[in-house]
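Enquirer: These are the residues of each chain, in order.
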Amino acid sequence: MGNEAIVMKDLCKDFKVLNRHEGLKGSIRDLFSRDYKTVSAVRNVDLTVNKGEMIGYLGPNGAGKSTTIKMMTGVLEPTSGEILVNGVVPYINRKKNCENIGVVFGQRSQLWWSLPLIESFKLLRDIYMVSEKDYQDMLELYRSLVDIEPILHKPVRQMSLGQRTLSDILAAFLHNPDIVFLDEPTIGLDVSMKAKIRSLIAGLNEQKNTTVILTTHDMGDVDALCKRIVIIDKGQKIYDNDIEHLKSYFGSYRTLRLKLDDDTWEETLIDESKTDIMEVINRADRQKKIRDIELIEISTEEVIKKIYEGEAS
Amino acid sequence: MEKNKRGLGFYLRIYRKVLVQDLKSKMSYRADFVISTIGMIMTNLAGFITFLILFGKFPSINGWDYHHMLFLYAFSLIALTPVQCFFDNNWNLRFMVQSGDFIKYCFRPINVFFYFISEVFDVKGLGQLAFGVGTLVYAWNKIGLVVSVPIILKLLLYLLTASLFMIAIMNAAAATCFWIQGSGYVMVIMFRFKDFAKYPASIFSGIFRVIFTFVIPIAFVAYYPSLVLLDPGNVPLLSWISPALGILFFYLSYKFWMLGVRRYDFTGS
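From first to last, the protein sequence lines stand for chains A and B. With this note's numbering applied, the first sequence covers -18 to 294. With this note's numbering applied, the second sequence covers 35 to 303.
If you are wondering where the hints come from, they were derived from the structure by calculation, not from laboratory data. Careful, some of the hints might be misleading.
Derived lysine-lysine pairs resembling DSS-like cross-links, with alpha carbons at most 30 Å apart [as the list claims (entries may be wrong)]: (1) K76/A / K114/A; (2) K215/A / K240/A; (3) K289/B / K76/A; (4) K103/A / K138/B; (5) K138/B / K215/A; (6) K289/B / K77/A; (7) K39/B / K77/A; (8) K228/B / K103/A.
Label pairs and their calculated CB-CB ranges [as the list claims (entries may be wrong)]: (9) D(-9)/A / K39/B: 35 to 41 Å; (10) I73/A / Y45/B: 19 to 25 Å; (11) D(-5)/A / F129/B: 23 to 29 Å; (12) F129/B / D16/A: 27 to 33 Å; (13) N31/A / D135/B: 30 to 36 Å; (14) I241/B / G4/A: 31 to 37 Å; (15) I73/A / L42/B: 20 to 26 Å; (16) I73/A / T84/B: 50 to 56 Å.
Yeah, the Cβ is synthetic: ideal placement off N, Cα and C, and Gly gets one too.
Could you put the whole structure together from the sequences, leaning on the hints where they help?
Expert: Spelled out as structure tokens, the structure:
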């Protein structure tokens, strides 16, 4: 087998959605209706991910990120195209595929709610048939990367969001899978927990050469972890390149917010490579009194918008 | 290394471990445990008293005397225990499917149905079991049935058969949530139907008898299997083949459940 962890060729996924009609009459009609429209969630996506790579898989809500991940994990069957994960067709061989992947899906814990974490670990060890030695080695590695003692004997239901996310990530790596899918792993966490989780993921990737597919809206995650970025919008891949390449232009964009005398905020998007921020502030200050200044890094959504508008490719 | 050795032994081992852990954590919520056990006993007691009042007055229904009715009632109580104890998570299925939480059951290299069902063990069913066994022993004595190893084995086989039918009904009812929104009603209605299980199906006429035998096989939850023990000289064919039918219905309900998983779109992230 080659060096590819994931290969997707011309992958498409359509959903059939019932055209709903209004009113009571419409609802009754819907019951017998064959009037479906087709919605393309993923359109002709080609993607190859190599072993050990960490890629940031980005896109606005509803772009088709989750659908792609569901196809890679074998939950959904593609409408057309090819998909191979660790040399396995996921939807045909779901169980075999699941041996070699780990998934952290949003904020939904996959652990046994009422069990202490260590008991969940033991169950996972049995389910994935991990040998006692590999299991102990993995726990040892965890101990070297984060302080797991405070959460190990705590039932998941009593954990804070941060602890739960941490637990879920540890559980996803426990059977040493070839690929781990992380969907919004740092959402809703405070800065220090975010940092902890990022360094844990980086450490596991380095030690185990695990391929990581990271879906996120947090550019901080991407910055800390990924060398390569894939952006999807309206079901199509619109960007696939180094993060350095992306940074070379989104890094120079910032949003300047000025609070004026009448308590209103004024927003301007500034390309720092062309415009000097101080000059903008000075100019504004001459017209109206400025009470407060905020400088905001450009969001993923705005980067995507820029890419979509054709400023980079 | 090829890992294809997840057979029955593997699943039983995992189930035992989940069960032990689950019981441990349940014991730690003692008040909850005690209250739900008392609740279950009260429910059974109320049902039993209603039963006594209703049937104490009638010497016989369709050739069934009081103690035979009691036998049927006890038989149905025991047969309903497995669905209550082991398959109770079916009641949560529709919530998980609607919220999208169900997807987590698809990420493990084990059977989705097993993984989902194994998560909940309901101890309340055990009170019902004790109640059923007590009543059955009493009715057994009053009727004057013999006690022998072959008969006890027969009893166990047909109790198992009867519970397979109820499990199948609830599996199928729960799985409707993959297609329709109001599947909660389907489940409640099906669960209500179990109340018919304690009557001899011979009191239902025509169309209802056909429905309760072949469509919603409630008559198999007590009536047909218990005939093998109550009336050994005159057992209808349906009673004899009920174990095979039970396995078939269970298998079909499982396939229907899994079909739902396959066709469900998992929309939303």
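Enquirer: Okay, I73/A versus T84/B on CB: inside 50 to 56 Å?
Expert: holds, 53 Å
Enquirer: Run the distance test for K228/B versus K103/A: straight-line Cα separation, threshold 30 Å.
Expert: The hint is violated at about 38 Å.
Enquirer: Below or equal to 30 Å on CA atoms is what counts here, so check K289/B against K76/A.
Expert: holds, 17 Å
Enquirer: Does the beta carbon distance between I73/A and L42/B stay inside 20 to 26 Å, or does it fall outside?
Expert: holds, 24 Å
Enquirer: Return holds or violated for the Cβ distance of I241/B and G4/A against the range 31 to 37 Å.
Expert: Given a distance of about 36 Å, which is inside 31 to 37 Å, the answer is holds.
Enquirer: Verify the proposed pairing of K289/B with K77/A, using a straight-line Cα cut of 30 Å.
Expert: holds, 20 Å
Enquirer: Quick one, are K39/B and K77/A close enough, alpha carbons at most 30 Å?
Expert: Answer holds: K39/B to K77/A is near 12 Å, not above 30 Å.
Enquirer: Could you see if the CB distance from D(-5)/A to F129/B stays within 23 to 29 Å?
Expert: With a Cβ separation near 28 Å, D(-5)/A and F129/B satisfy 23 to 29 Å, so the hint holds.
Enquirer: Is the hinted range of 19 to 25 Å satisfied by the C-beta distance from I73/A to Y45/B?
Expert: For I73/A and Y45/B the Cβ distance comes to about 22 Å; the hint holds.
Enquirer: For F129/B and D16/A, compare the CB-CB distance with the range 27 to 33 Å and indicate the outcome.
Expert: holds, 29 Å
Enquirer: When you check the alpha-carbon spacing of K215/A and K240/A, does it fall within 30 Å?
Expert: Status violated; Cα separation ~35 Å.
Enquirer: At the C-beta level, are D(-9)/A and K39/B separated by a distance inside 35 to 41 Å?
Expert: For D(-9)/A and K39/B the Cβ distance comes to about 36 Å; the hint holds.
Of the numbered hints listed earlier, those contradicted by the structure are 2 and 8.
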